[in-house]
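Peer 1: For reference, the chains in residue letters:
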Amino acid sequence: MTTAEFTPRAMTAAAARSSAPWLTQVLLLTRRNLVNIFRTPEAVLPPILISVFFLVIYQSTLGTAAGFIPGLSGKAYLGFILPLSIVSSSLAGAGIAAQNLVKDLENGYFDKLLLTPISRTAVLLGPILAGALILGIQSGIVVAVGLILGLDPATGPLGLLAVIGLAVLLGTGFAGFTVSAALGSGSAAATQSAGFLFFPLTFLTASFVPLELLSGWLKVAAQINPITYVLTGMRSLMLDGWNVADLLPALAACLLLAVAMYALAGYALRVRTRRK
Amino acid sequence: MSTKDIVVDNLIKRYPGGVTAVDGVSFTVQGGQIFGFLGPNGAGKSTIIKILTTLALPTEGLASVGGYDVVHRASDVRRIAGVALQEIGLDPTMKSTELLTLQARFFGYDDRQARARAAELIDLVKLNDAVDRRVGTYSGGMRRRLDLALALVHEPDILFLDEPTTGLDPASRRDIWDEVRRLNRQLGMTIFLTTQYLEEADVLADVVAIINQGKLAAQGSPAQLKAAQGAESINLVFTSPQVAQEAVALISDMAQRTQVDRDTLRVYLDHAAQAIPSVVNRLQQGGFNPISLTLSQPTLDDVFLQVTGQRMQNEQAQPAEAGAAPAAKTRRRGR
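As you go down the protein sequences, you meet chains A and B in turn.
Just so we're aligned: the first sequence equals residues 2 to 277 in this note's numbering.
Just so we're aligned: the second sequence equals residues 354 to 688 in this note's numbering.
Just so you know, these hints were derived from the structure itself, not from any lab.
Mixed in with the good hints there might be a few duds.
As the list claims (entries may be wrong) - Part of the chain A face toward chain B, derived, beta carbon under 7 Å:
{"hint": "1", "residue": "S19"}
{"hint": "2", "residue": "S20"}
{"hint": "3", "residue": "A21"}
{"hint": "4", "residue": "L29"}
{"hint": "5", "residue": "N37"}
{"hint": "6", "residue": "G109"}
{"hint": "7", "residue": "Y110"}
{"hint": "8", "residue": "D112"}
{"hint": "9", "residue": "I119"}
{"hint": "10", "residue": "R121"}
{"hint": "11", "residue": "A145"}
{"hint": "12", "residue": "L148"}
{"hint": "13", "residue": "S208"}
{"hint": "14", "residue": "R271"}
{"hint": "15", "residue": "K277"}
What the hints assert, rightly or not - Think about it this way: if two alpha-carbon atoms lie no more than 27 Å apart in a straight line, the pair counts; the simulated DSSO-like pairs of lysine-lysine are:
{"hint": "16", "chain 1": "B", "residue 1": "K568", "chain 2": "B", "residue 2": "K579"}
{"hint": "17", "chain 1": "B", "residue 1": "K568", "chain 2": "A", "residue 2": "K277"}
{"hint": "18", "chain 1": "A", "residue 1": "K277", "chain 2": "B", "residue 2": "K357"}
{"hint": "19", "chain 1": "B", "residue 1": "K479", "chain 2": "B", "residue 2": "K448"}
{"hint": "20", "chain 1": "B", "residue 1": "K579", "chain 2": "B", "residue 2": "K448"}
Stated by the list, open to error - Between beta-carbon pairs, the in silico distance windows are:
{"hint": "21", "chain 1": "B", "residue 1": "L415", "chain 2": "A", "residue 2": "S19", "range": "20 to 28 Å"}
{"hint": "22", "chain 1": "A", "residue 1": "L257", "chain 2": "B", "residue 2": "L415", "range": "40 to 48 Å"}
{"hint": "23", "chain 1": "A", "residue 1": "S194", "chain 2": "B", "residue 2": "V484", "range": "35 to 43 Å"}
{"hint": "24", "chain 1": "B", "residue 1": "N363", "chain 2": "A", "residue 2": "S19", "range": "28 to 36 Å"}
{"hint": "25", "chain 1": "B", "residue 1": "S649", "chain 2": "A", "residue 2": "R271", "range": "54 to 62 Å"}
{"hint": "26", "chain 1": "B", "residue 1": "V484", "chain 2": "A", "residue 2": "A145", "range": "48 to 56 Å"}
Where is the CB? At the ideal position from N, CA and C, for every residue including glycine.
For reference, chain A alone in the conformation it holds in the complex (with noise of 0.2 Å):
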């Protein structure tokens, strides 16, 4: 290492060793999150094939007892089953930014970037945002094959972006709770684990019938589950149209999930980097 020339100081002194703004921490660890998906899209394949695989098995198994289903006569059971799907999707997502997360943890790359002088939050915002993105993207693929299975939403084509949209707001807000875990743990079979949290999530709730048609245990289940009142925005966009006392629960419910999942976040995040 002797040929080498290395000019000392070659950079603006200016420019050496301060740190980069915030914003653009955050942008340069979202990217870098982005990159690093793409590089092992084993990751992201399994949720949107998962979903577009219930969505066709659905649609072709139940779609036709849909007009037995009272409050769903003459209208398509796809509009119905679709946003199942969608929910489905985002929250087995919503792993992804979690497992980007603690990869980093695993190789050693998060203790590096803790050296530098950049902002804890960035390290923890760049895997998420990244995630969000793969959400959006996740979810207008189920919408995609959706209209390809011949869906005719209430809301028309800005319904869907709002379906959309609530996916992104929903596997975001979820992917607080498996970041969580990858931070409390530090390991990716313990963060896969967490994940699961979205099977009762998904299946206790108004997941094949209307809330109305449930009863017993599984209707206060439903009750409780955030996930019902997103489910029930997400079907009154597709089948009835823009009903704000539908969304304004929907939205509110992803919004508290978030909320909460990211003050657990936090702490997490708190603990983990505290010097002992």
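Following the hints, complete the assembly by docking chain B onto the known chain A.
Peer 2: Relative to chain A, chain B alone:
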């Protein structure tokens, strides 16, 4: 006080459960020095390096790096210090240029400057042939070099190198040594270095400190430490251990002490070179003819043995690893 100094004053680190990893350590590294920090495993070396690089907090005492208190001015310390930890934290899916450019951007370079800086450092650590490959495919030596480059991105005043050559083949070790010397001489960078190899400390360090059981056991230049260790020795090899043993009686009055190691008799005394004729004379008069005679200066290894009561681990075992490409080494931050 120079802005490149490291000052550690009565540093104490206790872990929950009563383990005292660092027990009242004080030392000063002058700006522009290469400081070799040695100690057996578990002596407190890595705890101190973690405190100095702002990854851990001291229980008591003060430590400052470049004039910044490591507890209260951690972000300033991170700005002026470069750190290459023993466990190399690299994202295996990224390429070296990407990692270096990103690191430069973190430190406030704009995109163009960051790319220029990355190219400069790739040249410096000779990774030009590997820039298009993901870091996951790099060999151990290449990863070390990239890690060193990452630590240098922001042209730090003070560089922490935690066992920078562990696991490297001799040629790569020598490359790193050359580089460390050059950074130190040309840029006046203060270098805080821990190592498993006493030879490395001997060759590189201006000042060596040895820590043992959480306390500083010795400190000084390699030459001072070796001189303080005491006498040189004349090493005489005989035809058998018995003969060597018999020869002891003949010359023990001339030596500060003697030691028989198999067929070798070591005669410790001051000004050994001048004493050779009289020692040989005495032996020949007694009918002893040594097969060979060598003269030894005390080594850093002797110093280490003296102050820690043990030989440095791995000193004999030269690392062989060079070409193997380990997959992303997983590690987890201790909770």
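Peer 1: Indicate, hint by hint, whether the structure satisfies it.
Peer 2: Checked hints:
1. Checking S19 (chain A) against chain B by beta carbon gives a least distance of about 4 Å; that is within 7 Å, so the hint holds.
2. Using the Cβ-Cβ criterion of 7 Å, the hint placing S20 (chain A) at the interface with chain B is satisfied: the shortest such distance is roughly 5 Å.
3. For the restraint placing A21 (chain A) at the interface with chain B, the shortest Cβ-Cβ distance is roughly 5 Å, inside the 7 Å limit, so the hint holds.
4. The beta carbon of L29 (chain A) is positioned within 7 Å of a beta carbon in chain B (closest approach about 5 Å), and the interface hint is therefore held.
5. Here the hint on N37 (chain A) is kept, as its CB sits about 5 Å from the closest CB of chain B, short of 7 Å.
6. The restraint placing G109 (chain A) at the interface with chain B holds, with a minimum CB-CB distance near 3 Å, inside the 7 Å limit.
7. Checking Y110 (chain A) against chain B by beta carbon gives a least distance of about 5 Å; that is within 7 Å, so the hint holds.
8. Taking 7 Å as the C-beta contact cut-off toward chain B, the hint placing D112 (chain A) at the interface holds, the least distance being around 5 Å.
9. Because the smallest distance between the Cβ of I119 (chain A) and any Cβ of chain B comes to about 5 Å, under 7 Å, the interface hint for this residue holds.
10. The beta carbon of R121 (chain A) comes no nearer than 11 Å to any beta carbon in chain B, farther than 7 Å, and the hint placing it at the interface is violated.
11. Residue-level restraint check for A145 (chain A) is violated (minimum Cβ-Cβ distance to chain B is 28 Å; threshold 7 Å).
12. Here the hint on L148 (chain A) is broken, as its CB sits about 34 Å from the closest CB of chain B, past 7 Å.
13. At its closest, the beta carbon of S208 (chain A) sits 36 Å from a beta carbon of chain B; the interface hint therefore is violated under the 7 Å criterion.
14. Look at R271 (chain A): its Cβ only gets to about 14 Å from chain B, farther than 7 Å, so that hint breaks.
15. Given the 7 Å rule on beta carbons, the hint for K277 (chain A) holds: about 6 Å separates it from the nearest Cβ of chain B.
16. Distance check on the hinted pair: K568 (chain B) and K579 (chain B) sit about 20 Å apart at the alpha-carbon level, within 27 Å; holds.
17. Our distance criterion of 27 Å between C-alpha atoms is met by K568 (chain B) and K277 (chain A), whose separation comes to about 20 Å.
18. Between the alpha carbons of K277 (chain A) and K357 (chain B) the distance comes to roughly 26 Å, so the proposed pair stays at or under 27 Å and holds.
19. For a cut-off of 27 Å, the pair hint linking K479 (chain B) to K448 (chain B) stands: about 14 Å separates their Cα positions.
20. For the hint linking K579 (chain B) to K448 (chain B), the alpha-carbon distance of about 45 Å lies beyond 27 Å, and the restraint is violated.
21. Take L415 (chain B) and S19 (chain A): their Cβ atoms lie about 26 Å apart, and the range 20 to 28 Å holds.
22. The hint said 40 to 48 Å for the Cβ distance between L257 (chain A) and L415 (chain B), and at roughly 47 Å that hint holds.
23. At roughly 38 Å, the beta-carbon separation of S194 (chain A) and V484 (chain B) lies within the given 35 to 43 Å, and the hint holds.
24. Judged by the Cβ atoms, the range 28 to 36 Å given for N363 (chain B) and S19 (chain A) holds: they are separated by roughly 33 Å.
25. The supplied range of 54 to 62 Å is met by S649 (chain B) and R271 (chain A), whose beta-carbon atoms lie about 56 Å from each other.
26. Restraint check, V484 (chain B) to A145 (chain A): a C-beta distance of roughly 38 Å breaks the suggested window 48 to 56 Å.
Of the numbered hints given earlier, the model fails hints 10, 11, 12, 13, 14, 20, 26; all others are met.
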